[in-house]
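A.B. asks: Next come the chains, spelled out residue by residue.
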Amino acid sequence: MNITMILTAMGMVAMMSSPAFSNEPTTGLEVMKLVEARDDGKDLTQKMMQRLVDKRGNVRERRLITFSKDYGLDSKSVSYFLSPANIRDTSMLTWDYADEAKDDDQWLYLPALKKVRRISSSDRGDYFMGTDFTFEDIKATPELGDYNWTLMGSEMLDGKDVWVVEAIPKSKQLMKDLGYSKVVYHVRKDIDMYIKVDFWDRKGRELKHLISTGITQIDGIWTATGGVMKNVQTNHRTELVFSEQEYNTGLSDRMFTERMIKRGYRGK
Amino acid sequence: MHKLFNWILEHPKTILFLLFVLTAMAVNQMRAIHIETDTDAMLPKHSAAYINKQVLDEKFGSSDLVIIGIINEKEGVYNKHTLSLVQELTDWLGEQPLLRTLALNDLLSLATIKDIRGSASGLDVEPFMDGVPETQEEIDFLKQRMREFGIYEDVIVSADGVGTVLAVRPQPNARETYAEIYDLVKNKVEALEARGGGEEFFISGRPVIEGVFGVYMPQEMKRMQPIIFALLILLLYISFRTPRGVGLPLLTVLIAEIWTIGTMAWLGFSIYTITTMLPILIMAIGIADAVHFLSRERLLAHHTEYAHRKERIVEVMHELWKPMVMTSVTTGVGFLSMLSSDLPPIREFGIFAAIGIAYALIVTMMLFPAALMLLSEKVDHADRKPLFIDYVEWSSKAIIAYPKRIMAFFAVLVVVSVYGATLIKVDASMVAQFKPDDPVRHADTVLNKHFAGTTSLDIMIDTGKENGLLEPEFLQKIVDLQTEIEKNPIVGDTSSIAEFLMIMNKALNEDDPAFYRVPDSSDLAAQYLLLYSFSGAPDDFEKFMTSDYRQAHVVINMRSDSTDAVATILNDLQAKTDVWFPESEGYKVDWAGTGYTLDALAKMIIDGQITSLALSILAIFLLCWIMFKRLLIAFIAMIPVSLAVTVNYGTMGNLGIPLDLATALVGSMALGIGVDFAIHYLHRYHEESIANNSYEESVINTNRSVGHAILFNTIVVVGGFLVLLSAALYPQMKLGALIAATMIICYFATVYLFPVLLGLGKEKIKV
Numbered sequence: 493m494n495i496t497m498i499l500t501a502m503g504m505v506a507m508m509s510s511p512a513f514s515n516e517p518t519t520g521l522e523v524m525k526l527v528e529a530r531d532d533g534k535d536l537t538q539k540m541m542q543r544l545v546d547k548r549g550n551v552r553e554r555r556l557i558t559f560s561k562d563y564g565l566d567s568k569s570v571s572y573f574l575s576p577a578n579i580r581d582t583s584m585l586t587w588d589y590a591d592e593a594k595d596d597d598q599w600l601y602l603p604a605l606k607k608v609r610r611i612s613s614s615d616r617g618d619y620f621m622g623t624d625f626t627f628e629d630i631k632a633t634p635e636l637g638d639y640n641w642t643l644m645g646s647e648m649l650d651g652k653d654v655w656v657v658e659a660i661p662k663s664k665q666l667m668k669d670l671g672y673s674k675v676v677y678h679v680r681k682d683i684d685m686y687i688k689v690d691f692w693d694r695k696g697r698e699l700k701h702l703i704s705t706g707i708t709q710i711d712g713i714w715t716a717t718g719g720v721m722k723n724v725q726t727n728h729r730t731e732l733v734f735s736e737q738e739y740n741t742g743l744s745d746r747m748f749t750e751r752m753i754k755r756g757y758r759g760k
Numbered sequence: 002m003h004k005l006f007n008w009i010l011e012h013p014k015t016i017l018f019l020l021f022v023l024t025a026m027a028v029n030q031m032r033a034i035h036i037e038t039d040t041d042a043m044l045p046k047h048s049a050a051y052i053n054k055q056v057l058d059e060k061f062g063s064s065d066l067v068i069i070g071i072i073n074e075k076e077g078v079y080n081k082h083t084l085s086l087v088q089e090l091t092d093w094l095g096e097q098p099l100l101r102t103l104a105l106n107d108l109l110s111l112a113t114i115k116d117i118r119g120s121a122s123g124l125d126v127e128p129f130m131d132g133v134p135e136t137q138e139e140i141d142f143l144k145q146r147m148r149e150f151g152i153y154e155d156v157i158v159s160a161d162g163v164g165t166v167l168a169v170r171p172q173p174n175a176r177e178t179y180a181e182i183y184d185l186v187k188n189k190v191e192a193l194e195a196r197g198g199g200e201e202f203f204i205s206g207r208p209v210i211e212g213v214f215g216v217y218m219p220q221e222m223k224r225m226q227p228i229i230f231a232l233l234i235l236l237l238y239i240s241f242r243t244p245r246g247v248g249l250p251l252l253t254v255l256i257a258e259i260w261t262i263g264t265m266a267w268l269g270f271s272i273y274t275i276t277t278m279l280p281i282l283i284m285a286i287g288i289a290d291a292v293h294f295l296s297r298e299r300l301l302a303h304h305t306e307y308a309h310r311k312e313r314i315v316e317v318m319h320e321l322w323k324p325m326v327m328t329s330v331t332t333g334v335g336f337l338s339m340l341s342s343d344l345p346p347i348r349e350f351g352i353f354a355a356i357g358i359a360y361a362l363i364v365t366m367m368l369f370p371a372a373l374m375l376l377s378e379k380v381d382h383a384d385r386k387p388l389f390i391d392y393v394e395w396s397s398k399a400i401i402a403y404p405k406r407i408m409a410f411f412a413v414l415v416v417v418s419v420y421g422a423t424l425i426k427v428d429a430s431m432v433a434q435f436k437p438d439d440p441v442r443h444a445d446t447v448l449n450k451h452f453a454g455t456t457s458l459d460i461m462i463d464t465g466k467e468n469g470l471l472e473p474e475f476l477q478k479i480v481d482l483q484t485e486i487e488k489n490p491i492v493g494d495t496s497s498i499a500e501f502l503m504i505m506n507k508a509l510n511e512d513d514p515a516f517y518r519v520p521d522s523s524d525l526a527a528q529y530l531l532l533y534s535f536s537g538a539p540d541d542f543e544k545f546m547t548s549d550y551r552q553a554h555v556v557i558n559m560r561s562d563s564t565d566a567v568a569t570i571l572n573d574l575q576a577k578t579d580v581w582f583p584e585s586e587g588y589k590v591d592w593a594g595t596g597y598t599l600d601a602l603a604k605m606i607i608d609g610q611i612t613s614l615a616l617s618i619l620a621i622f623l624l625c626w627i628m629f630k631r632l633l634i635a636f637i638a639m640i641p642v643s644l645a646v647t648v649n650y651g652t653m654g655n656l657g658i659p660l661d662l663a664t665a666l667v668g669s670m671a672l673g674i675g676v677d678f679a680i681h682y683l684h685r686y687h688e689e690s691i692a693n694n695s696y697e698e699s700v701i702n703t704n705r706s707v708g709h710a711i712l713f714n715t716i717v718v719v720g721g722f723l724v725l726l727s728a729a730l731y732p733q734m735k736l737g738a739l740i741a742a743t744m745i746i747c748y749f750a751t752v753y754l755f756p757v758l759l760g761l762g763k764e765k766i767k768v
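The listed protein sequences derive, respectively, from chains S and W.
Residue numbers for the first sequence follow the working numbering, so the first one is 493 and each next one is one higher.
Residue numbers for the second sequence follow the working numbering, so the first one is 2 and each next one is one higher.
Hints were generated in silico from the structure; no laboratory data involved.
Glycine is no exception: its CB is placed at the ideal position from the N, C-alpha and C atoms.
Where hints are given, some of them may not hold.
Straight line, CA to CA, 30 angstroms or less: simulated DSSO-like cross-link-like pairs of lysine-lysine [said to hold, decoys possible]: (1) S:Lys754 <-> S:Lys631; (2) W:Lys60 <-> S:Lys695; (3) S:Lys594 <-> W:Lys450.
So these bits of chain S aren't anywhere near chain W, every CB distance computed over 10 angstroms [as the list claims (entries may be wrong)]: (4) Pro517; (5) Ile557; (6) Phe573; (7) Leu600; (8) Leu605; (9) Lys668.
Simulated restraints, written as ranges between beta carbons of each label pair [said to hold, decoys possible]: (10) W:Leu17 <-> S:Lys695: 53 to 59 angstroms; (11) S:Lys594 <-> W:Asp141: 25 to 31 angstroms; (12) W:Gly197 <-> S:Lys695: 29 to 35 angstroms; (13) W:Ala515 <-> S:Ser612: 22 to 28 angstroms.
Given the sequences, and given the hints that come with them, work out the whole structure.
C.D. replies: If you want it as structure tokens, here you go:
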């Protein structure tokens with residue numbers, strides 16, 4: 493649960509040529525398995541800009557540079573804040589485990605305190621870093637076993653043919669943990685990437701909309717270079733812009749250690 | 002005028018049809034009337050208190066929360082049963098569509114608030130209660146953490162551990178659901194209570210208070226109306242003893258009432274607590290016109306022969322229209338003087354009372370002639386000895402025999418009243434409008450006893466620059482300000498972003514108490530908040546600061562909403578914030594919240610009171626001068642009402658009845674109604690004088706005719722307003738009692754003091 497996930501969620505990678513199913517999927521679960529079965533590269537370096545826009549239009553902007561790398565099913569990532577000035581050089585290290593039973597590890601280095609601090613693990617429905625994304629939202633694909641999936645049909649969205657898949661959390665407890673009673677994914681058939689997600693709150697009311705933008709191929713990998721999550725109840729929205737992506741550059745393991753995040757980002 | 006009267010008499014059916022259509026239209030409009038219970042809406046839209054409240058709600062979220070208190074006197078709240086109730090109620094509230102429960106500050110309870118803890122390696126932000134604690138150790142830990150954390154002590158759990166509070170926000174802009182929310186929560190809480198256990202539940206908070214008000218107001222209107230009608234029927238029957246004598250006046254006031262409310266709805270005005278008293282007022286005043294018309298018509302029918310009844314009715318109309326218009330104008334002017342108030346409820350009360358009185362006059366002049374033309378002519382009832390005639394005759398004798406005693410009595414009354422008037426207080430408290438045994442007021446009292454208080458006072462400080470509130474100097478000033486405010490015993494608690502930053506500072510320094518202070522640098526504060534955002538929700542601090550870290554919000558909870566308490570704190574603090582956060586350094590301090598609103602309301606009540614009273618005295622005096630064409634008589638005409646008004650304020654002061662939105666109306670109302678008595682009396686006395694009667698004869702004759710009419714009028718007005726004593730809300734009760742008392746004084750001053758004053762001097766005063 494970390495920046496890697498934002499990256500994978502937003503900068504989704506699809507293998508054009510080899511879908512997991514040779515035939516058109518017939519169930520919602522099959523569609524989501526296609527989404528899950530994507531290769532997102534071995535590692536990724538990119539810059540991200542977060543724009544938090546409140547209901548009055550006040551904007552808070554942050555810039556980060558992030559490095560992430562896969563370790564089998566686990567992954568590690570490091571992010572450095574570049575701006576605003578008062579949090580510059582604050583950095584974050586995350587070790588993300590595929591094992592459900594194991595909590596992720598997360599550290600933050602605060603330059604003003606000159607100390608590295610561990611961050612307690614969060615619940616899936618908790619909001620992330622003041623954005624409109626919850627920890628659940630920033631995963632590349634949701635935990636398929638937690639929902640009942642239904643393929644609602646196909647439609648045209650922005651000129652693209654998409655599957656519409658509805659996800660209902662399997663239990664009341666899950667609904668409470670996730671904060672959603674229903675989620676609907678719009679998955680592009682050509683690249684197995686969801687480009688629009690709608691969320692309904694626990695009371696069954698329309699809550700949020702996620703829209704991916706600027707979908708292009710980078711280093712041969714399909715990537716969304718922008719995304720907007722808008723909460724229609726609070727009228728707060730989060731805009732993300734990704735740039736300078738570089739896939740599979742062979743990042744060294746040394747980058748993903750406490751010692752390194754204390755040093756700060758030195759540029760290239 | 003004659004032409005108009007003749008036209009009315011020649012087209013009775015058209016007139017009745019017209020009245021019917023207009024009334025039907027008004028009834029149709031009435032259904033759309035809106036009831037306003039929002040205290041802030043009672044302030045003028047341009048006032049600082051109104052504007053600041055809107056700004057506060059927009060920037061920091063509405064502070065109007067439904068508060069549910071759970072008190073367990075025997076075991077306290079730290080036990081499994083009570084905590085499981087807290088959890089259950091929290092979950093239930095989270096599912097209610099009428100409530101907004103998106104963020105932490107939307108639903109605050111032991112089951113939602115978050116602990117910020119330091120550990121050897123970092124910072125933990127976790128709910129104090131993650132589900133209901135299973136073991137005694139877990140419960141003890143919870144208790145210990147709440148105490149150490151401090152911020153929520155007295156706010157969520159009482160310092161003595163006996164009670165806990167859940168606070169939840171209604172959906173925004175859904176004021177009309179407040180009553181429904183109260184019922185919903187009440188039913189749930191009753192169901193929980195019915196299961197047994199040592200817990201008692203209390204529901205309060207501004208949405209509840211305002212919601213209940215909104216329910217009480219129309220209920221009370223509907224309940225009291227029939228009682229007043231019954232009373233009127235009785236009085237009218239005693240006076241006239243014919244069906245039309247009862248029916249026509251009743252119909253007149255009813256139509257005038259419906260037209261008034263219909264006009265309000267049509268023009269888009271809302272009903273406030275005090276405007277619910279309009280129907281009763283219109284009834285009490287409007288009946289006078291009807292009674293005068295009927296009395297005169299009867300008298301003429303009895304004594305004079307007319308070729309046709311049409312001529313007789315024209316005669317009545319011709320005789321009466323001038324005095325009726327005169328008295329309606331003076332009464333109307335009394336009410337219109339309320340326009341000088343800044344407060345919409347008072348202004349609207351004045352306007353629509355004046356409109357209602359005009360309607361009553363118009364309806365009387367249309368309905369009576371038309372109806373009398375259509376109803377069959379009946380042989381008049383034999384002369385009956387008028388009721389109270391013995392008393393009236395006795396009073397005339399008493400006036401002539403004991404002028405000095407009468408003077409002495411009124412002199413003493415004035416002295417006592419003037420003294421009382423100096424003691425008068427203002428109170429705009431919402432809660433004080435409920436009776437002490439009302440569940441809402443009781444709940445509020447209990448919650449104020451155990452917790453930080455249900456009345457909010459808010460300070461919004463704009464530092465003038467982005468990230469300004471992160472500066473250590475600024476944060477320290479906030480801390481000092483809070484320390485200063487909390488010295489006042491009426492303040493239960495204060496909170497601000499500074500407290501949270503201090504806790505984080507301590508948590509990130511190995512929980513070392515020495516670090517329980519504001520962060521050393523602006524950057525450090527920014528980094529703490531970033532760190533917090535990884536574990537907490539983005540809007541956890543939305544209540545305390547804007548997202549650009551420019552404006553801070555200090556929340557003050559007070560245990561009382563009495564105007565005295567609020568005014569003292571405000572005066573004290575405003576002086577200090579001016580020094581600590583000077584405008585010259587770019588700061589801007591704004592106040593808001595229930596406390597501030599009520600303080601503004603109180604100030605406007607006093608200001609409006611003084612100007613409207615002065616205006617109405619002046620206007621009515623000028624009208625009297627124009628009518629009687631003599632300055633001295635105009636002065637004398639003002640005496641009974643001035644006396645009655647003085648006694649009104651004296652009584653309030655002496656009995657400790659505070660000046661509030663409702664009682665503030667009494668002065669001008671009494672002036673407007675009471676001056677009619679004087680005008681009628683002086684008119685008659687004038688007639689008697691020019692008929693060359695002696696002083697004594699004039700007094701006796703005037704008393705016999707006008708004195709009797711005034712007595713009837715007084716009984717109707719007093720009776721009508723005394724029905725308000727049965728109201729569920731204090732403002733209506735107080736207003737009813739005060740008007741009744743004032744009218745009685747007015748009656749006595751007119752009938753007893755007037756003749757004594759007119760008898761002063763060797764030559765007696767000629768009118």
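A.B. asks: Would you mind marking each hint as holding or not holding in the structure?
C.D. replies: Structure-based check of all given hints:
Our distance criterion of 30 angstroms between C-alpha atoms is met by Lys754 of chain S and Lys631 of chain S, whose separation comes to about 27 angstroms. Between Lys60 of chain W and Lys695 of chain S, the direct Cα distance comes to roughly 25 angstroms. Compliance with the 30 angstroms bound is thereby established for this hinted pair. Proximity of Lys594 of chain S to Lys450 of chain W is assessed by CA-CA distance (about 47 angstroms); at most 30 angstroms being required, the pair is judged violated. The Cβ of Pro517 of chain S sits about 35 angstroms from the closest Cβ of chain W, beyond the 10 angstroms cut-off, so the non-interface label holds.
No beta-carbon of chain W is positioned within 10 angstroms of the beta-carbon of Ile557 of chain S; the least distance is around 16 angstroms. Listed as a non-interface residue, Phe573 of chain S fails to keep its Cβ farther than 10 angstroms from every Cβ of chain W; the least gap is roughly 8 angstroms. Its closest Cβ contact with chain W, about 5 angstroms, brings Leu600 of chain S to no more than 10 angstroms, contrary to its assignment away from the interface. With 10 angstroms as the threshold on Cβ separation, the claim that Leu605 of chain S sits away from chain W is violated: the shortest Cβ distance comes to roughly 6 angstroms.
Non-interface call for Lys668 of chain S relative to chain W: violated, since the shortest CB-CB distance, roughly 8 angstroms, does not exceed 10 angstroms. Distance hint check for Leu17 of chain W and Lys695 of chain S: the Cβ-Cβ separation is about 55 angstroms, which falls inside the suggested range of 53 to 59 angstroms. Look at Lys594 of chain S against Asp141 of chain W: about 30 angstroms separates their beta carbons, and that is inside 25 to 31 angstroms. Look at Gly197 of chain W against Lys695 of chain S: about 30 angstroms separates their beta carbons, and that is inside 29 to 35 angstroms.
In this structure, Ala515 of chain W and Ser612 of chain S meet the distance hint of 22 to 28 angstroms, their C-beta atoms being roughly 24 angstroms apart.
The structure fails hints 3, 6, 7, 8, 9 (numbered hints given earlier, in ascending order).
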